[in-house]
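Keeping their order, the protein sequence lines are chains L and E. Just so you know, the numbering used here puts 203 at position 203 of the first sequence, and the rest follows in order with no gaps. Just so you know, the numbering used here puts 244 at position 244 of the second sequence, and the rest follows in order with no gaps.
If you're looking for bench data, these hints aren't it; they were derived computationally from the structure. The model shown is predicted, which means the values in this text are computed figures rather than measured ones. Watch out, some of these pointers could steer you wrong.
Here are the in silico distance ranges between beta carbons for each label pair [claimed, not checked]:
#	chain 1	residue 1	chain 2	residue 2	range
1	L	126	E	186	27 to 37 Å
2	E	250	L	306	48 to 58 Å
3	E	249	L	172	44 to 54 Å
4	E	78	L	169	23 to 33 Å
5	L	61	E	186	32 to 42 Å
6	E	68	L	87	35 to 45 Å
7	L	118	E	17	16 to 26 Å
8	L	39	E	118	43 to 53 Å
9	L	119	E	273	34 to 44 Å
10	E	60	L	306	52 to 62 Å
11	L	310	E	68	56 to 66 Å
12	E	61	L	118	30 to 40 Å
Beta carbons are placed, not taken as given, at the ideal position from N, Cα and C, and that holds for glycine.
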Amino acid sequence: MAQNVFLSDKNQAQPQQTKSYKDSGYGWFLIPGISIFLLLIILPFVSNIGISFTKWQGIGAPEWIGLANYQRAMGDAVFWASFKNNLLLIIAMTIIPTIIGLLLAVILYDFISQRLGTGWASFLRAGFYLPQIVPIVVAAIVWKWIFQPDWGVLNSLLTAIGLEAWTQNWLGNARTALPSVMLMLVWFQIGYPLVIFMSGLQRVDPQVYEAAKIDGANWFQTLIHITVYMIKPEIAVVVLTTTIAALKTFGPIYAMTSGGPGNATTVASYFAWKNFFEISNVGYGATMATVLTLIVLLMTFFFIRAQNQQEED
Amino acid sequence: MTAHTSTEVSVKKNRSDALIRYGALLALLIFLLLMLLPFFMITINSFKTESEYLANGPFSLPSGFDLEAINTTWALTDYSTKLINSLLISSSTALLAVTLSLFNAFALGIGRIRGRTFFLLFFLMAIALPPESLAYPLYYLFNQIDLYNTRLSIILITAALHTAFGTYLLSSVFRTFNQDILESARLDGCNKLQLLLRIVIPLSWPTLSVLFVFFFIWTWNDFFLPLIFLISNDNQTVPIAMALARGERGMVITTQSAAAFLGVFPAFIFFLLFQRTLTKGIMSGSSK
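Looking at chain L on its own, in the form it has when it is part of the complex (with noise of 0.2 Å):
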């Protein structure tokens, strides 16, 4: 939604240059802030990364192992496995969604709006954001209810349609249980790239589209070479922000399948909340969420700084 923050301002009025004037007073307005800020984000992030250095159970005083935690993360197979996961939930959250809303979009955009009326493809993109308004986990827990392996909608539509062999326990099957999970993923996340593309599209001027229809460019080529470059923009900020997103995944895995079977379905976030609050070893959750943020806030960085450059050239 408006993670747009990221798509930069370089559309909107530069700030007028303002006369000199007294501007003292205003940092008094900062202090409510800054205080809540230093209190509640920058001191437990401190915090956190001390703790990462450290053994310590929650109670009693940590005792300081230096990187440690870091050594045991490198050979901890199940650390490894957790990251595997984020990147099969980058794909069901950013790679598929992206392709699916990019196509969705310019069908939407070109087969829909230009020539049946824009009330249609309004209609169709509301629908299709539709399972994006509802909390993350309660969607996990639609789909969970579909998967159920007695009754449930999907077992019982393989058994009407004569697939009976095919039905099986989704989640509670290591093979079957993380492609479950992205199914609801990609489901969720459709509508998400779907609104952002189509209003990039309205940037786009249809000249450019006629000129290419002239010059003899096919759908395909135009998708390409035309309307991929147009929105780059939104492409970037889409790719970005679903990719944080599913690096922070928690509730679906946390509703659908606990990070199971065994360590099946387990991702970073599951890893970090199971070591604080399940098994009490504090210290090495710190050091998976310190690493989880270590590689948020680069992504984050190197993007932002990349579209610094781009806008300067």
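Please build the complex by placing chain E on the supplied structure of chain L, with the hints as guidance.
Just chain E, lined up with the frame of chain L:
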């Protein structure tokens, strides 16, 4: 190409165009139906009795309008309390976060105090920060000050996190604030507080209300931190309660459906109420 053949071609083209666009519409409508099927399934199956479900399966329409599953789940999850908690937490958080963002942005966007680029970069990074990296120290801190497992704890934390986004957004909106108005207010002897209350707030009211709606819905949908900070039944929000309902005794296939339905329902109401605000807000970042 002669005029004659070009008309022929264009007639043919129009026909195949019509075929393509109605074909596209049909394909999209079928895809949309598939996308909405999960919502349809939980709706019809929340109004069946368990025996009806087991006899006819999930695809039959309910024979009546049976409220047993909804009522059971409502009572089991103490849904009324959860609704009140969610409303209270989401609106308080949104109000606090909008206020803090407004103050910050007033200093950074209108006041343009020194170091504002640093502050803005700092807030931008905080937007991306995974809550996992704050969870345990916050848990420890709120335990120390005896605020753990209170609604206030999650209001304060979530508001702080949302303030990062709000500050960034409002600051960039305020940078384009009409300087003449600010200047004449200053000449009329407005002090900073009056400037904020009488000029900036009234003129930026539409942006502030969009921000409020966003914060409200984000807080409503939040899961990770509320799960950690709201452990007693009296404090929990709707999404937490629905996620934990599965483990309750007496949950069967229809009550599980009802739990999903009760989780989805408020979100649909918000969508209907705020649809215009939300779509406008979604566009706000990318508008010309």
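The hints, checked one at a time:
1. 126(L) to 186(E): 27 to 37 Å: violated, 45 Å
2. 250(E) to 306(L): 48 to 58 Å: holds, 54 Å
3. 249(E) to 172(L): 44 to 54 Å: Check failed, 20 Å falls outside 44 to 54 Å.
4. 78(E) to 169(L): 23 to 33 Å: holds, 31 Å
5. 61(L) to 186(E): 32 to 42 Å: Distance hint for residue 61(L), residue 186(E) is violated at roughly 55 Å.
6. 68(E) to 87(L): 35 to 45 Å: Given range 35 to 45 Å: holds, Cβ gap about 44 Å.
7. 118(L) to 17(E): 16 to 26 Å: holds, 18 Å
8. 39(L) to 118(E): 43 to 53 Å: Once the Cβ atoms are compared, 19 Å apart, the range 43 to 53 Å for residue 118(E) and residue 39(L) is violated.
9. 119(L) to 273(E): 34 to 44 Å: Since the Cβ atoms of residue 119(L) and residue 273(E) sit about 21 Å apart, the hinted range of 34 to 44 Å is violated.
10. 60(E) to 306(L): 52 to 62 Å: holds, 54 Å
11. 310(L) to 68(E): 56 to 66 Å: holds, 59 Å
12. 61(E) to 118(L): 30 to 40 Å: holds, 34 Å
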